[in-house]
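Starting from the known structure of chain A, arrange chain B on it as the hints suggest.
Protein chains in written order, with this note's numbering: chain A, 1 to 447; chain B, 1 to 447.
Derived from the structure by calculation, the hints contain no laboratory data.
All residues carry an ideal CB built from backbone N, CA and C; glycine is no exception.
Some hints here could point you the wrong way.
Which residues of chain A face chain B? A few of them, derived with a C-beta cut under 10 angstroms, are [stated by the list, open to error]:
(1) 3
(2) 257
(3) 352
(4) 366
As a plain string of letters, each chain reads:
There are 2 protein chains.
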Amino acid sequence: MERVKARTLSGFMELLPAQQVQFNRIKDILEKTYKRYGFTPLDTPVIEASEVLLAKAGGETEKQVYRLTKGDNDLSLRFDLTVPLAKYVALHQNELAFPFRRYQIGKVYRGERAQRGRFREFYQADIDVIGDGSLDIINEAEIPAIIYQTFTALGLTQFRIRVNNRKVLNGLFAVLGLEDRAGDVMRTIDKLEKIGAEKVAAILVEDFGVSTNIAAQLLELLSAEDPLAALKSFRGKNELLDQGIEELCTVVKYLGDFGVPADHFAIDLTIARGLDYYTGTVYETVLLDHPEIGSVCSGGRYDNLAEYYTDKQLPGVGISIGLTRLFYVLQEQGMLNEDLPTAPADVLILPMTDDLSHAVAFATACREKKVRAQLYTEPKKFKAKMNYADRTGVPFVAFLGEDEVANGVVSLKNMVSGEQEKVALSEAPAWLKEKVATLNVGFPIKE
Amino acid sequence: MERVKARTLSGFMELLPAQQVQFNRIKDILEKTYKRYGFTPLDTPVIEASEVLLAKAGGETEKQVYRLTKGDNDLSLRFDLTVPLAKYVALHQNELAFPFRRYQIGKVYRGERAQRGRFREFYQADIDVIGDGSLDIINEAEIPAIIYQTFTALGLTQFRIRVNNRKVLNGLFAVLGLEDRAGDVMRTIDKLEKIGAEKVAAILVEDFGVSTNIAAQLLELLSAEDPLAALKSFRGKNELLDQGIEELCTVVKYLGDFGVPADHFAIDLTIARGLDYYTGTVYETVLLDHPEIGSVCSGGRYDNLAEYYTDKQLPGVGISIGLTRLFYVLQEQGMLNEDLPTAPADVLILPMTDDLSHAVAFATACREKKVRAQLYTEPKKFKAKMNYADRTGVPFVAFLGEDEVANGVVSLKNMVSGEQEKVALSEAPAWLKEKVATLNVGFPIKE
Chain A
1 MERVKARTLS GFMELLPAQQ VQFNRIKDIL EKTYKRYGFT PLDTPVIEAS
51 EVLLAKAGGE TEKQVYRLTK GDNDLSLRFD LTVPLAKYVA LHQNELAFPF
101 RRYQIGKVYR GERAQRGRFR EFYQADIDVI GDGSLDIINE AEIPAIIYQT
151 FTALGLTQFR IRVNNRKVLN GLFAVLGLED RAGDVMRTID KLEKIGAEKV
201 AAILVEDFGV STNIAAQLLE LLSAEDPLAA LKSFRGKNEL LDQGIEELCT
251 VVKYLGDFGV PADHFAIDLT IARGLDYYTG TVYETVLLDH PEIGSVCSGG
301 RYDNLAEYYT DKQLPGVGIS IGLTRLFYVL QEQGMLNEDL PTAPADVLIL
351 PMTDDLSHAV AFATACREKK VRAQLYTEPK KFKAKMNYAD RTGVPFVAFL
401 GEDEVANGVV SLKNMVSGEQ EKVALSEAPA WLKEKVATLN VGFPIKE
Chain B
1 MERVKARTLS GFMELLPAQQ VQFNRIKDIL EKTYKRYGFT PLDTPVIEAS
51 EVLLAKAGGE TEKQVYRLTK GDNDLSLRFD LTVPLAKYVA LHQNELAFPF
101 RRYQIGKVYR GERAQRGRFR EFYQADIDVI GDGSLDIINE AEIPAIIYQT
151 FTALGLTQFR IRVNNRKVLN GLFAVLGLED RAGDVMRTID KLEKIGAEKV
201 AAILVEDFGV STNIAAQLLE LLSAEDPLAA LKSFRGKNEL LDQGIEELCT
251 VVKYLGDFGV PADHFAIDLT IARGLDYYTG TVYETVLLDH PEIGSVCSGG
301 RYDNLAEYYT DKQLPGVGIS IGLTRLFYVL QEQGMLNEDL PTAPADVLIL
351 PMTDDLSHAV AFATACREKK VRAQLYTEPK KFKAKMNYAD RTGVPFVAFL
401 GEDEVANGVV SLKNMVSGEQ EKVALSEAPA WLKEKVATLN VGFPIKE
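Just chain A, same shape as in the assembly:
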C-alpha cells in the first residue's frame, strides 16, 4: 500500500497526552471561574456564511480568513468569538434576557504568517456582558475581579491588570486640541513603555505637529504616579473627559469589595486597545516577570456590538484570553506545574491470574468510587508492564496475583515513593481515592 506521510499542519497546536491534560486543566479553570460570575455557556458554529461573518471585516482580517465554497454557499471559519456573538445576539434578541452574560471558549482561525508561537487555529476564552440599550458601569467595574480571580485560580501572583478609559483619552485629546490627530497620538503614546517619554515627545512634535508645550503636558499626565489625582486639574473642561474620570473612579472605588488587591491593579492612561471598537473602560493584563509576552487578557467596553445586523443598540463589555498562545508561552517558560498528575488513570491494575474476574471486579469497584482505573492485561513481561506504568505516569499500580486473590487483598504500589502495601480488596478503592486526592493539590501554573 502506498502510504501518506502523517503530519499536522504548521500553526496548528497538537499536544501530547500529558500536555493536553495540562492544557485542559487551565481551560477548565477559566470555565469554572467564568461560571462563578454568572456567565452562561455558548457554543456557536465554527463555520458561518461569509456575508454574515465578514459584514464588518476588511483589510488584514479578511485576508486571513479561511474561506471556502460548498455547493452554492460562500462560507468562512470564524476568526474570533465576538462577531459570532454579535450575530447570535442579533438573531436571538427576542429570546434572550438582557443583560446577557455569556462565556465562550472555542477555536478560531486566522491564516497568519507562520512563525514560532503564532497559531492559525487557537482557542479564545471570552466573556461578554451585553446590555439592551444601556449597561450599568458596575459591569465594567466587575471585569478586573474576574481577571484577578481567573489568574489567581491558575496559580499566578505576579500579574497586574491595567485599566484605562477611552472617554478619558478622547476627552483629553479634545481639551488639548488633538482631536484631529487622535489616532496618530494614541498609536504613539502606546509606545511609551517601549521607547520612553523623550522619543514619544519627539514623534508627537515632529511627525504630528503637536506643540512642545502640549506634548509635555500630555506626557506628564501619562507618566503620573497617581493618574486620577493628575487628572483632577482637567476636570470641568470637557464633558466626555469628566464622564471618563467618573467611570474610572467608580471602577477603582469597588475594587476592594470585588476582592482585587490594590497591587494587582493600575490605572494606565497609555492603554488604548485598538482605535475603532472600544468606547469606555479598557483592560490589559501583564505578567510582571514576562512583560515581553504582552497582554494575556484584554478587552473593554463597546457601545454597539451588532450594528451590522440590527438597529438595536447593544452596548457591552468583554475580555478575551488567547488560551493557546498563553499555554504555549507558559510551556516555553517552564511555568507549568509538573507536580500535578497527567496520567489518564489513577491506578493501573495488573492481574497475575488467568481468570480476570477479580481484577475486573476490582476495576469496577474503583470506578464506582470515582477512582480512574485501567486494566492492563497485555501478555507482556513484568518489566514491560512497569515500564508502561512509568511512561503513562500513573501514580499507583495494583497487583492481583493468586496470593492476593486467595487472601482478599490487593498489593498497591506507590509509583513515586516505591512503597508497596497490601490492602483489603473491599477497602482499596477508598484507600486509593484518599491518596489520589492528595496528589491533585496545587495550581496548574507555578511562577
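For chain B alone, kept in the frame of chain A given last:
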C-alpha cells in the same frame, strides 16, 4: 448603515442558553465517564492537510468533505475523529505508550443533504484503545461496561447494548459457503428487524442465489433466543468462527464483573456495522422505547487503525456517540429533565441602595463559596428586575436595601416556592450553597 441579515447556516446547531446548559451537562457526563475508565483527552486540529485526511476516503465521504485552499495548501475539515486519531498515533507513535487510550469529544463536518435532525457540524464523542501489534480481548469486553455506565449516568434505563463479532459472521459465511457473497448477505440480514425473516430469506435466495436450505439454517441461527448455544453446533468447523465464538464468550463472561446487568445486553448476530473496517467485536446501542432512532452508540474492534500512514500494526477497539444528533432527538422526544437548573447564576443580587459596596462584597462572598452570583444594577423598575429573574430562571434572588444593610442581613427569595427570608449576610453564602446543592440532584435525561 446597510445591514446584513443575521443568520445561522442550515444544518448547524446553535442553542439558546438554557438548551446549551442541558447539552453541556450531557457532554460533561460523557467526558467524566470516559475519564473514569482511564482514557486521556485528545484535541486534534479541525483542519488537516487534504492528502492526509483523505488518504483513505473516497466516494460519499469525500463528496461531503468541507475542503478549501489557503495559500498553496489544500485543506479539509475533519469528517470524523477516527482519521485524525490514526494520523496522531502514526505521527507520535514513538512518544505514546501502548495500549493508548484516548477520548475525544469534538466537532466534525459533513456536507450532507440538509434535512430535519441531520447536521453538517456535529459533535462526536469517541473513545478508542489502540494496541501496538496486538490488543488483549479484555479491551473489547470492557466496552459494554463503558456504554452502560455512560447511559446510566445520563439517566437512561431503557436501553440495550447489542454485540456481535465479525469473526463469527465471516466464519459462518465460510462454513455455509457464502464467502463470495459476504457483503450482500450481511447487508441483507442487517434488514432482519425491519422486514422480517421471510423477506430476508426470499432476498437471499432470489437475489443472491443462496440455497433455501442454507438460508433457513442461517435465519434460524440469527433468530435464536440464545445465540451462543445455537452457535455450539458450528464449533470446530472453522478456525475463525471458533475464535469469534471464543471472543463472544469472553465478552459475556466478564459482563457481571464489569457491572453490566444481563438485561441491558444482548448478543445479536445480525449486527455488522459496515463492511470494511471492523474485524472483531462490534457494538450497537438502542433506546428500547425509541428504536426508530437507530443506534446511539456504535463501534467495534479493528485490526489496523493507521495503515495509510505507517507500517506499524495498530489494532484497536472504539465506540462513538453522535452527541449532536442524540441531543436533538432527546429534545424532540421531550426527554430532557427540565427540573434541573439552567440559569447562568444561582443567585441574582438586586441592590436597593445607591452605594453598591455591600452588594458587591456580598457577590464576592458568594463566589468565594462557589455560589454563582450575578449583580443586577440596571436602573429598571422592580417588576422588570423580577421579570429578568424569571426569564433567566435563577433560583434565588437576593435583595439588599437600606434596611437589610443596616441590620447586616440579606432578603433571599426562593423563586420557585416564592418564600422569602432574611439571612445574616455572613451566613447567606453558605445558606445559598446548601439550598442550591439540593436543586442540582437528578439526571439530565428522564424517560
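Right, here's what the structure says about each hint:
1. 3: holds, 6 angstroms
2. 257: Since the shortest Cβ distance to chain B is 4 angstroms, the answer is holds.
3. 352: Check failed: Cβ of residue 352/A comes no nearer than 14 angstroms to chain B, outside 10 angstroms.
4. 366: holds, 9 angstroms
Checked against the numbered hints above, the structure breaks only hint 3 and satisfies the rest.
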